[in-house]
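Chain by chain, the residues run as shown.
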Amino acid sequence: MKYEPVIGLEVHIQLLTESKIFCSCSTKFGAEQNTHVCPICLGLPGVLPVLNEKVIEYAIKLALATNSRINKRSIFARKNYFYPDLPKGYQISQFEEPFCEFGRILIKVDGEKSREISLTRIHLEEDAGKSVHAESFVSKDETLVDVNRCGTPLLEIVSEPDFRTPKEAAAYLTRLRQIVRYLGVCDGNMEEGSMRCDANISVRPQGQEKLGVKTELKNMNSISSVEKALDFEIDRQISVLSEGGSISQETLLWDANRNVAEPMRSKEYSDDYRYFPEPDLVPVEVDEEWVDRVSQSMPELPLAKKQRFVQEFALPEYDAQVLSEDRAIADYFETAAQKVADKKAVSNMVMGEVLRVIKEQQIRVEDLKITPEYLSEIINMIDEGAISRNIAKKVFNRVAETGTAPRVVVEQEGLLQISDTSALEATLDQVLQENPNEVQAFLNGKEKVVGFLMGQVMRATSGKANPKSVNALLRKKLSDLKS
Amino acid sequence: MDLVELDFFTTREKLATREISCKELFETYLQRIDKGAHLNAFISVFPENGRKRADEIDRKLASGKAGKLAGMILGVKDLISVRDELTTCGSKILSNFVSPYDATVIRKLNAEDVIIIGKMNMDEFAMGSSNENSFFGAVKNPLDVDRVPGGSSGGSAAAVAGNLCMAALGSDTGGSIRQPASFCGVVGLKPTYGRISRFGLVAYASSLDQIGPVTKSVADTALLLEVMSGGDKLDSTSAHVAVQKFTAALGQDVKGLKIGLPKEYFSEGLDKQVADAVSLSADILKSAGAEIIEVSLPHTEYAIATYYILATAEASSNLARYDGARYGYRVPDVVDLEDMYVRSRTEGFGAEVQRRIMLGTYVLSAGYYEAYYRKAQKVRTLIKHDFERAFQTVDCLLTPTAPTTAFKIGEKVDDPLTMYLSDVYTVSVNLAGLPGISVPFAQDRAGLPIGVQLIGKAFDEETIIRVADFLERNADSNS
Ligand SMILES: [Zn+2]
Numbered sequence: 001m002k003y004e005p006v007i008g009l010e011v012h013i014q015l016l017t018e019s020k021i022f023c024s025c026s027t028k029f030g031a032e033q034n035t036h037v038c039p040i041c042l043g044l045p046g047v048l049p050v051l052n053e054k055v056i057e058y059a060i061k062l063a064l065a066t067n068s069r070i071n072k073r074s075i076f077a078r079k080n081y082f083y084p085d086l087p088k089g090y091q092i093s094q095f096e097e098p099f100c101e102f103g104r105i106l107i108k109v110d111g112e113k114s115r116e117i118s119l120t121r122i123h124l125e126e127d128a129g130k131s132v133h134a135e136s137f138v139s140k141d142e143t144l145v146d147v148n149r150c151g152t153p154l155l156e157i158v159s160e161p162d163f164r165t166p167k168e169a170a171a172y173l174t175r176l177r178q179i180v181r182y183l184g185v186c187d188g189n190m191e192e193g194s195m196r197c198d199a200n201i202s203v204r205p206q207g208q209e210k211l212g213v214k215t216e217l218k219n220m221n222s223i224s225s226v227e228k229a230l231d232f233e234i235d236r237q238i239s240v241l242s243e244g245g246s247i248s249q250e251t252l253l254w255d256a257n258r259n260v261a262e263p264m265r266s267k268e269y270s271d272d273y274r275y276f277p278e279p280d281l282v283p284v285e286v287d288e289e290w291v292d293r294v295s296q297s298m299p300e301l302p303l304a305k306k307q308r309f310v311q312e313f314a315l316p317e318y319d320a321q322v323l324s325e326d327r328a329i330a331d332y333f334e335t336a337a338q339k340v341a342d343k344k345a346v347s348n349m350v351m352g353e354v355l356r357v358i359k360e361q362q363i364r365v366e367d368l369k370i371t372p373e374y375l376s377e378i379i380n381m382i383d384e385g386a387i388s389r390n391i392a393k394k395v396f397n398r399v400a401e402t403g404t405a406p407r408v409v410v411e412q413e414g415l416l417q418i419s420d421t422s423a424l425e426a427t428l429d430q431v432l433q434e435n436p437n438e439v440q441a442f443l444n445g446k447e448k449v450v451g452f453l454m455g456q457v458m459r460a461t462s463g464k465a466n467p468k469s470v471n472a473l474l475r476k477k478l479s480d481l482k483s
Numbered sequence: 484m485d486l487v488e489l490d491f492f493t494t495r496e497k498l499a500t501r502e503i504s505c506k507e508l509f510e511t512y513l514q515r516i517d518k519g520a521h522l523n524a525f526i527s528v529f530p531e532n533g534r535k536r537a538d539e540i541d542r543k544l545a546s547g548k549a550g551k552l553a554g555m556i557l558g559v560k561d562l563i564s565v566r567d568e569l570t571t572c573g574s575k576i577l578s579n580f581v582s583p584y585d586a587t588v589i590r591k592l593n594a595e596d597v598i599i600i601g602k603m604n605m606d607e608f609a610m611g612s613s614n615e616n617s618f619f620g621a622v623k624n625p626l627d628v629d630r631v632p633g634g635s636s637g638g639s640a641a642a643v644a645g646n647l648c649m650a651a652l653g654s655d656t657g658g659s660i661r662q663p664a665s666f667c668g669v670v671g672l673k674p675t676y677g678r679i680s681r682f683g684l685v686a687y688a689s690s691l692d693q694i695g696p697v698t699k700s701v702a703d704t705a706l707l708l709e710v711m712s713g714g715d716k717l718d719s720t721s722a723h724v725a726v727q728k729f730t731a732a733l734g735q736d737v738k739g740l741k742i743g744l745p746k747e748y749f750s751e752g753l754d755k756q757v758a759d760a761v762s763l764s765a766d767i768l769k770s771a772g773a774e775i776i777e778v779s780l781p782h783t784e785y786a787i788a789t790y791y792i793l794a795t796a797e798a799s800s801n802l803a804r805y806d807g808a809r810y811g812y813r814v815p816d817v818v819d820l821e822d823m824y825v826r827s828r829t830e831g832f833g834a835e836v837q838r839r840i841m842l843g844t845y846v847l848s849a850g851y852y853e854a855y856y857r858k859a860q861k862v863r864t865l866i867k868h869d870f871e872r873a874f875q876t877v878d879c880l881l882t883p884t885a886p887t888t889a890f891k892i893g894e895k896v897d898d899p900l901t902m903y904l905s906d907v908y909t910v911s912v913n914l915a916g917l918p919g920i921s922v923p924f925a926q927d928r929a930g931l932p933i934g935v936q937l938i939g940k941a942f943d944e945e946t947i948i949r950v951a952d953f954l955e956r957n958a959d960s961n962s
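Same order as they appear, the protein sequences are chains A and B.
Note that the working numbering gives residue 319 to position 319 of the first sequence, counting from 1, and the numbers run on in steps of one.
For the working numbering, count along the second sequence from 1 and bump the result up by 483.
You may find that some hints are simply not true.
[Said to hold, decoys possible] DSS-like, lysine-lysine: derived pairs with alpha carbons at most 27 Å apart:
#  : chain 1 : residue 1 : chain 2 : residue 2
1  : A       : Lys28     : B       : Lys716
2  : B       : Lys551    : B       : Lys591
3  : B       : Lys858    : A       : Lys72
4  : A       : Lys218    : A       : Lys130
5  : A       : Lys54     : B       : Lys716
6  : A       : Lys54     : A       : Lys28
7  : B       : Lys867    : A       : Lys72
8  : A       : Lys72     : B       : Lys861
9  : B       : Lys506    : B       : Lys535
10 : A       : Lys468    : A       : Lys446
11 : A       : Lys468    : A       : Lys339
12 : A       : Lys79     : B       : Lys716
13 : A       : Lys72     : B       : Lys716
14 : A       : Lys79     : B       : Lys506
15 : B       : Lys741    : B       : Lys755
16 : A       : Lys79     : B       : Lys861
Hints listed in this document are in silico derivations from the structure and should not be mistaken for laboratory results.
These numbers were taken from a predicted model, which means no experiment stands behind them.
Given only the sequences and the hints, what does the whole structure look like? Please build it.
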């Protein structure tokens, strides 16, 4: 029998707000344990949460980017469970009446048509702290708690069970990560946990409408882990069912080292969270004016940008796709392209050289020593005939290493192209003198040797000679010899 | 008249003219606390800090720079955070908890130069109507030490009535200020929900809790309310509405006021002497020119049930943080996480608190939520509507505060349901978020005080203060 997987994803993203969702503590990652805390995020007796409005602004951005319907009124709810890294014994989240609903995200798997994935809801909540079991500083059965992360704002994005393959799930996560990075609401770093994904997965015989029993997969800290974990779990479920067994509803943890998913110890989660409306907070009310204000500050989204690059700069689809993948790259390209007539030349340099340098130096776009202004300067120098394409690469690399302005590099290293015929004449004469056989061959009608002779001139000038000028002068001299 | 019997309203004149000093006053109260130790009204007393404050405020008074409440010797119910002091909530589980911050009300009161003399005993986490549910032992009624002072702000009411402090702060979730005020013969006000910031008030039931004053006079209540009221950016549920000058409502007449008597409040279970006291107060108001109108609050009979579902649901979640993990009591020799939770909470919480946590956990559980919690929310709305309808015809309501006068210690301790009925006339006010005040008006044949309650429209404490002040001036002192 053939089985069809049905997959739904729950993604948590940590918002890049300066302060936490219900207090003014910093959200900065990597601080010393338990330093970004106050009575409120510690859940001390008597404290109350107060909503950080920036969180709503970020939520509106994601809602707009996913075409979600923003509820005019949404309410917070308490999700009750005991765990040492949850100081209040409940997490403030949303349950009934979430922030927004009915969103859509367009995904594309290589070689397939684009598909729309439906979002059930996006809601606001607070992050929990971290339990530390590291045996280096606690004894075997002890646990320490770091509360720094407690109260970091999260958005939970819940998809419909719309995915049929792990590849689609990966494409969705890639797209979602791209969107949140574009919006600047989350850095999308799955390794550091600022973006986290849980997956619900079941399989059913092909053609059957009724859903199979689902399991939940947790603890995947990269998009490829999600894909691998889903592949693993689909195989497992199909083999259990094929052998006449049945799937039990449970939560499985992905072990990336061993490439297996194993059932979670049942004590670590509860089935009944006893949700009820949070009495310490008033409903979140978002009016049209607020949405309008945020929508005016929305950046251009990846798909729109790609289309614009094609139309405005006459770039090939492929180039526009690569350049728009990352907002910083796209911005870099646009800045560089501003002062250059040949947009395709800029695109080639960004896709070829700039992306290579980023990869080699393992840096962010913002940290490139070769600024977009420098890049346009180099391309313009080629255009003006000041340097050759080959020299341009050399200049590019030098600028990328040192951050020195291209014109300074060219000057310091004497790389300016020699187009002046009088300056070339002596070198040319010498080359002709040193290669009498080739000259004779030309005179005998072998046109091809022109190329060899040109190469000799270029070598003698360390590549600085303008090939056009050399070519013209060489042909003139040789035809003079002929007559 | 003994100095300690005076309210702050009167005392402040003696302070202003330097007839007495804060220091003398404070020392006198410290002595009273010593003498009244058998009442068990205090959990902690702050002689050192208080003396320092008294000196400081005496200097301010001398230079004419003192705040509105300069020299008020104030007790604070032990579930309101006072920085660097214990905040036990009357519980073993917080018996060692020192709060690192001031509640908003404490900040405001300190800015007006009160002197905090100590923290008051109370029913554990404000759960109780007799102050017998405290880890620190029962509080005794100063008027008859065999009787309860009421609860949960029993320590506050007993201390004010026994002259161990000039005024006190309490908290009221279902009657916890008004019922003990009635039992001890003092004034107690529960303000409109949102009137006073809850920041720093340890939550029992967040949607019902309010801090309020317990005082010797309506005037002191008005003064304290003026200082404590107002929106707070640290409490999203606090209301940013104008704060009236409540003291302007003092000394007024009641001519032309329409005062409602809700007929459902005069039914079975109401002590005859209490009923008579309320009737008498109605007669006095009527003869002073008020119009007395019978009104109906038809959903009153569901109030207790509704209250115990909603309050315990919220409490079960509010009290989840006391788990032994980060602060408070943790059992020794923990085996594993669950063992730490179960034994710390079992040993740390008293019986009534455990009963309410279980009740609340149950009503929120999957499969029961609709039948209990959601239904109770709907009834709460109906109860609110009852009041709104009544307030279309009347300016305020006059009712008994409690069905009886103070009962004997131990009398109801084994019968929680009867105990819960002590709040039958007060809980609706919390459910509807309205202001209510209990003012002593009469005594029963045993000489125990009887309070009457005035219930106002939301954010109209002015009217009930006006009527309460009138009744206080015309109280029946020899019935
Ligand atoms: Zn904080």
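Here's how the hints hold up against the structure:
1. For the given pair, Lys28 (chain A) sits about 24 Å from Lys716 (chain B) by alpha-carbon distance, which is consistent with the 27 Å threshold.
2. Of the supplied pair hints, the one linking Lys551 (chain B) and Lys591 (chain B) holds, its CA atoms being roughly 11 Å apart against a limit of 27 Å.
3. A hinted pair counts as satisfied when its Cα atoms are at most 27 Å apart, and Lys858 (chain B) with Lys72 (chain A) qualifies at roughly 25 Å.
4. The hinted pair formed by Lys218 (chain A) and Lys130 (chain A) meets the criterion: a straight-line CA distance of about 16 Å does not exceed 27 Å.
5. Only pairs whose Cα atoms come within 27 Å are accepted, and Lys54 (chain A) paired with Lys716 (chain B) is accepted, the gap being roughly 16 Å.
6. Proposed proximity of Lys54 (chain A) and Lys28 (chain A) is supported: the alpha carbons are some 16 Å apart, at most 27 Å.
7. Proximity of Lys867 (chain B) to Lys72 (chain A) is assessed by CA-CA distance (about 25 Å); at most 27 Å being required, the pair is judged to hold.
8. Pair hint Lys72 (chain A) plus Lys861 (chain B) holds up; C-alpha atoms about 22 Å apart against a cutoff of 27 Å.
9. Note on Lys506 (chain B) and Lys535 (chain B): the hinted pairing holds, with a Cα-Cα distance of about 9 Å set against a maximum of 27 Å.
10. Distance check on the hinted pair: Lys468 (chain A) and Lys446 (chain A) sit about 20 Å apart at the alpha-carbon level, within 27 Å; holds.
11. With a C-alpha separation of about 25 Å, the suggested pairing of Lys468 (chain A) with Lys339 (chain A) holds against the 27 Å cut-off.
12. Annotation: proposed proximity of Lys79 (chain A) to Lys716 (chain B) holds, straight-line Cα distance about 24 Å (limit 27 Å).
13. For the hint pairing Lys72 (chain A) with Lys716 (chain B), the CA-to-CA distance comes to about 23 Å; that is within 27 Å, so the pair holds.
14. Simply put, Lys79 (chain A) and Lys506 (chain B) have alpha-carbon atoms about 50 Å apart, too far for the 27 Å limit, and the pair is violated.
15. Note on Lys741 (chain B) and Lys755 (chain B): the hinted pairing holds, with a Cα-Cα distance of about 25 Å set against a maximum of 27 Å.
16. About 22 Å separates the Cα atoms of Lys79 (chain A) and Lys861 (chain B), which keeps this hinted pair within 27 Å; it holds.
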